[in-house]
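Chemist: With chain A's structure known, arrange chains B and C on it following the hints.
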Amino acid sequence: MNALIVAGLLLVLLGVAYQSGWSRSRGLVTADGVKIHSRPQYHGSFVAIWAMVPTLVILGLWAWFGGGITRDYTVSLIPTDIMTSLDQVGLNAAIARIGALASGYGVTGDSPAWEQAAGDALRSFQMLTFVGVLVLALVAGGAALVYARSRIDARLRARNAVERVINLALLACSAVAILTTLGIVASLISEAFRFFTFIHPFDFFFGTVWNPNNAGSAGNWGSYGLLPLLSGTLMITAIAMLVAVPVGLMAAIYLSQYAAPRLRAVAKPMIEILAGIPTIVFGFFALVTVGPFLRDMGNLVGLTINATSALTAGIVMGIMIIPFVSSLSDDILNQVPRTLRDGAYGLGATQSETIRNVLLPAALPGIVGAFLLAVSRAIGETMIVVLAAGNAPVLRGSPFESVATITVSIVNQLTGDTDFTGPQSLVGFALGLTLFVITLGLNVVALYIVRRFREQYE
Amino acid sequence: MDMVAGKVKMTQQSVKSAMNPTDMLERPIRLTARDVTVHYGAKQALYGISIDIPDRAVTSFIGPSGCGKSTFLRCINRMNDTIEGAKVGGTILLDGEDIYDPALDVVELRARIGMVFQKPNPFPKSIYENVAYGPRIHGLARNKTDMDEIVISSLRKAGLFEEVKDRLNEPGTGLSGGQQQRLCIARAIAVGPEVILMDEPCSALDPIATAIIEELIDELRENYTIVIVTHSMQQAARVSQKTAFFHLGNLIEEGVTEDIFTNPVNKQTQDYIMGRIG
Amino acid sequence: MTDTLSTTRQASIERTQRIRSGLRRRHMGEAIFRGLGLAAIVLALGFVALLFVDVVRKGVPAFTQSNLHLVVNFDPELLKVDPAPAPTAFASQAEYNAASLKWQRDVAMLNWNKVVEASLRAAAPAGFDIDSKQILTIAETDARHDIRELFVADPSLLGQTVDVDVLASANAANWIKGNIDRSLGDAQQQLSAPARALIDTFVENGTISNGFAWSIFTNVDSRAAPASAGLLGAFVGTLWMMLIVIVLAVPIGVAAAVYLEEFAPKSRWTDLIEVNINNLAAVPSIVFGLLGAAVFINYMHLPISAPIVGGLVLTLMTLPTIIIATRGALLGVSPALRQAALGMGASRTQMVFHHVLPVTFPSILTATILGIAHALGETAPLLLIGMKAFVASVPLTPIDQATALPVQIYLWQGNENRNFFEPRTAAAILVLLAVMIVLNGVAIYLRSRLEKRA
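Those protein sequence lines, which keep their order, are chains A, B and C.
With the numbering used here as the guide, the letters of the first sequence map in order to residues 1 to 458.
With the numbering used here as the guide, the letters of the second sequence map in order to residues 459 to 736.
With the numbering used here as the guide, the letters of the third sequence map in order to residues 737 to 1190.
Accuracy of the hints is not assured; some may be wrong.
What the hints assert, rightly or not - These stretches of chain C come out as covered by chain A in the derived footprint (C-beta under 8 Å, 3 or more residues):
1) 776-783
2) 788-796
3) 1055-1066
4) 1118-1126
5) 1155-1162
Claimed, not checked - In silico contact screen, one side only, chain C against chain A (beta carbon under 7 Å); selected entries:
6) Arg770
7) Ala1018
8) Val1023
9) Val1031
Unchecked claim - Non-contacting residues of chain C with respect to chain A, defined by C-beta distances greater than 12 Å in every case (computed):
10) Pro819
11) Ala822
12) Gln829
13) Gly863
14) Gly914
15) Leu920
16) Ala929
17) Asn946
18) Phe948
19) Gln1075
20) Leu1186
Derived by calculation from the structure, the hints in this document are not laboratory data.
For glycine and all other residues, C-beta sits at the position ideal for the given N, C-alpha and C.
With the rest of the complex left out, here is chain A (with noise of 0.2 Å):
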């Protein structure tokens, strides 16, 4: 209700403020016929822009310490022998009675008659200070706006003034992709290192255990070792860029050289389908379907798999990851320039001898690239893992069994309980850092040689 009256508000703020300069400008229009350097509509903006700015400097001030106050006010209130009695959790309990009873929801039992005075206290505060504060924002934004009018005439560069504000604002913009990373590195190296204040470093990288004690507490946190996790990881990967890399290339060699253009048209949409699909859909479809195939084809032959496995991860992962190979691939083959290929036709060589020895070696450093990226998203993927893999932190090296990875175990310790206090969660940040400087070191790589790639055909 409140956000809604400030939003209302500010939106009439900006519209006056708009409409003030605008008229103003056509006043001078009229007024003298000087050539005025900029037109109306950025006199509107700018007054507007002028207007705006204290106004939401003031909203956001009062947004971010305005808390803090209401509480320290809501403190002030507790009668003094009752404040003595009370503990943190107690006096946090009290705080939240109160705000309570001011915002006319009522409190489940009954309180006493000092709480319904502070509830009163309090709304009138609330009251007071949100129009207080609304007012003052108001009034300053006014201020600005007479000020930004008083400014308007013939001369006044409203344009430029105007565009360096939207340059700013779109600056803004870009800054948030730093700030991304910037908060991914920063929160993740935070929580990492608390963890590891828990657990050594050395007992994680190179622990061959992973049995954290999810009930544990000091003394007894379990056994973190990363090994197990990391070999699981591998594993799958591996599997899954065998799966993907022979039949994305072959697919994407086919596409671009030999299959005529009807054909190209249906199947490369067909065959990025399988890139939209949600992997939490490849995730089900390998425990329900995939899993069992295996599992039985197995037993056929003697073997003993486990419906949920490496195996089966890995190869729905490599499913998954066919359009992401083959469209790389598609791409980099393409820009290899044409006239290779034309050298070797021209020697009489076969289309197959000319992509074998002329076309796949030209193009041999943008498909390293492209097999890194796609490594790199396999290591990353997690919900085919989760409900494929089985979910066995154990180091062995049969394919055909069980395992985990670094993902699942993200998800298995980070259960959306935010309660970081012990190494039991702060270890999904632990694994997330780990997980996050290898999937960078290999998108750099890979990233950087791709694009070496282009600019060497270019």
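Modeler: Quick look at chains B and C alone, frame taken from chain A:
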């Protein structure tokens, strides 16, 4: 600059002196084209080209860009097969054998009719491997010694051996433009072709490199039937014994090079040679 | 030295013979290679087909539900409760509200299972031998709530009989659909023998009939009553998140792309931003979940399990995609257009916003929709910000607890009642895929339309 001009001039003279029109006319015919047409989809690019190409001589195709001279050249070793939607009509005979005969293997044909392209296009392999590639896929060398010999004599014939003999294992793409083009010529020679097609082989090269290649072409004439497409009339005059003028997909005039340049029959040829169209 | 490159007639013929002898093998190799390529295509397309056929085959049965047509007698003997308070009898609204609430509590305390049981028995053949516990397994557990709500809404029903449709229980539905092997012994069956027999009787006499499962679309998730578990809550949760993504990611992404492509000076700094964005696009989605958990929830204390946090995380995840696509589109605008605008005296900002951006609108729109479709299917980061909690209500605001469609799929596939929930999970997947197909279709349609107009 003076040096360059001198070199070109010198080459020109040496080539001129070797040229003998009547000699050319006595040569047997190697390639015969009759009513060759090419369509790219709905668009017609060539209109009934008929020409005879003499053995062990240089025949040049000239004409303004887009006139169909390259298109016709690419018909001769069926490179147009690799372009989607291209359709070739008419007949082209190599030693009396129809090269568009369905029974004929295009791989074998291209081994017999080599090609050098407009832009030097060495493979991203070593110099040695570039030259060895053709003989290798065609199985022409029995052993390593054979292969070494093929590679070295090809490079020699292309006049490149002395320059690269110490770095045969370095990538071919590291050579200069003119060297790259000679490498491509060596690559074509290594397969032992009977005909070599050259599609504006000097258009991406500087004058010195051009002069060297022209000299080379003149030497190769001894052993190979050469067809060259060029946008430079001077080049055609310098290196070829027979010249054909193409315009808008038609073969306007063909004949002994000297006649074409000094005494063209057709008005369009004359306009082109005088620089009025192009 | 013999000339290996001899061009004599004899040498040429020999060479040709040599080449010819290898041709068979080489063409064979060609055919094999080509075959492998074709096989790869067939394999890839086969996977697409297999996946779709599998999900459709598994999911379609879940769109049928078994309805129980009961004749419910609101028997005063079973429903011993005071008459509902009338508004007129009270001095103030508050007193009436209090009395009304008390009455509703009393109603809720009644044993409504007795009413359900009586209705089921009434539908059964006379003298059918089945005990109370067994017969109640036929109706879904929330049947009693449905009937109770009818009564609360209209207390005058007391003593009357009314036709009511309720859902058959998940186990009953399994039995009817044949998801359970009928030959299994009693020990392995979820339902008792009399209950199974009665279900078959009900199907024969029309008490139970199958209909389209609207409940999947109109109900929220339920654990106690699996047969009535629906997607509405998850759907609305997803809707909230997509709304946030659209409101935040699109303007910020486009603005960032415009800045980088049109305004930013080409420097090391912008190079860094570019590398950063490309890498961000390849960061695993789960890492964004960690970011959300650490920053939005732990640091900023935004509510856990709420669409607002999910929306913010997905926004950050989608941003790089939108930025990259928009930059690509801007790069494709011909320099001629820019020069024309600048030549007319437009400022750089005017040139970008009046001339360049409108031209790129179709591509940006398409990229945005595809980015949103991708965010829509994302699961892993949402698990880390608590969106896998069981939520049995529709989130009315973006700060209410909620879940999302893909997370609902994750939750359902983990349900112990496999026989019933496997089809239902597949059905949820079909709904999710349908939404994605619609989004992609819209993207393609809009692009072709806008491009035609441009």
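Chemist: So, as I understand it, the hint says Val1023 of chain C touches chain A; can you test that by seeing if any CB pair is closer than 7 Å?
Modeler: holds (5 Å)
Chemist: Closer than 8 Å Cβ to Cβ for three or more residues is the test here. Does the segment 788-796 of chain C pass it with chain A?
Modeler: holds (count 3)
Chemist: With a C-beta cutoff of 8 Å, work out whether three or more residues of the segment 1055-1066 of chain C approach chain A closely enough for the coverage to hold.
Modeler: holds (count 3)
Chemist: Do three or more residues of the segment 1118-1126 of chain C come closer than 8 Å to chain A, measuring C-beta to C-beta?
Modeler: Held - the segment 1118-1126 of chain C has 7 residues with a Cβ nearer than 8 Å to chain A, which meets the minimum of three.
Chemist: Against chain A, does Leu920 of chain C hold up as non-interface, every C-beta pair farther apart than 12 Å?
Modeler: With a cut-off of 12 Å, Leu920 of chain C remains clear of chain A, as the shortest Cβ separation is near 19 Å.
Chemist: Once the shortest beta carbon distance from Val1031 of chain C to chain A is found, is it less than 7 Å?
Modeler: This hint holds: Val1031 of chain C lies near chain A, its Cβ roughly 6 Å from the closest one there, short of 7 Å.
Chemist: Just want to verify: Gln829 of chain C was marked as not at the interface with chain A; is every Cβ pair farther apart than 12 Å?
Modeler: holds (16 Å)
Chemist: Could you check that no beta carbon of chain A comes within 12 Å of the beta carbon of Gly914 of chain C?
Modeler: The claim holds: Gly914 of chain C sits with its nearest Cβ about 18 Å from chain A, beyond 12 Å.
Chemist: Are there three or more residues in the segment 776-783 of chain C whose C-beta lies within less than 8 Å of some C-beta in chain A?
Modeler: holds (count 6)
Chemist: Just want to verify: Ala822 of chain C was marked as not at the interface with chain A; is every Cβ pair farther apart than 12 Å?
Modeler: Holds, since 26 Å exceeds 12 Å.
Chemist: Just double-check Gln1075 of chain C for me: nearest Cβ-Cβ distance to chain A has to come out over 12 Å.
Modeler: Label holds. Min Cβ-Cβ 19 Å, cutoff 12 Å.
Chemist: Please verify the coverage claim for the segment 1155-1162 of chain C: does it have three or more residues whose C-beta sits within 8 Å of some C-beta in chain A?
Modeler: Check passed, 3 qualifying residues.
Consistency note: the structure conflicts with none of the earlier hints.
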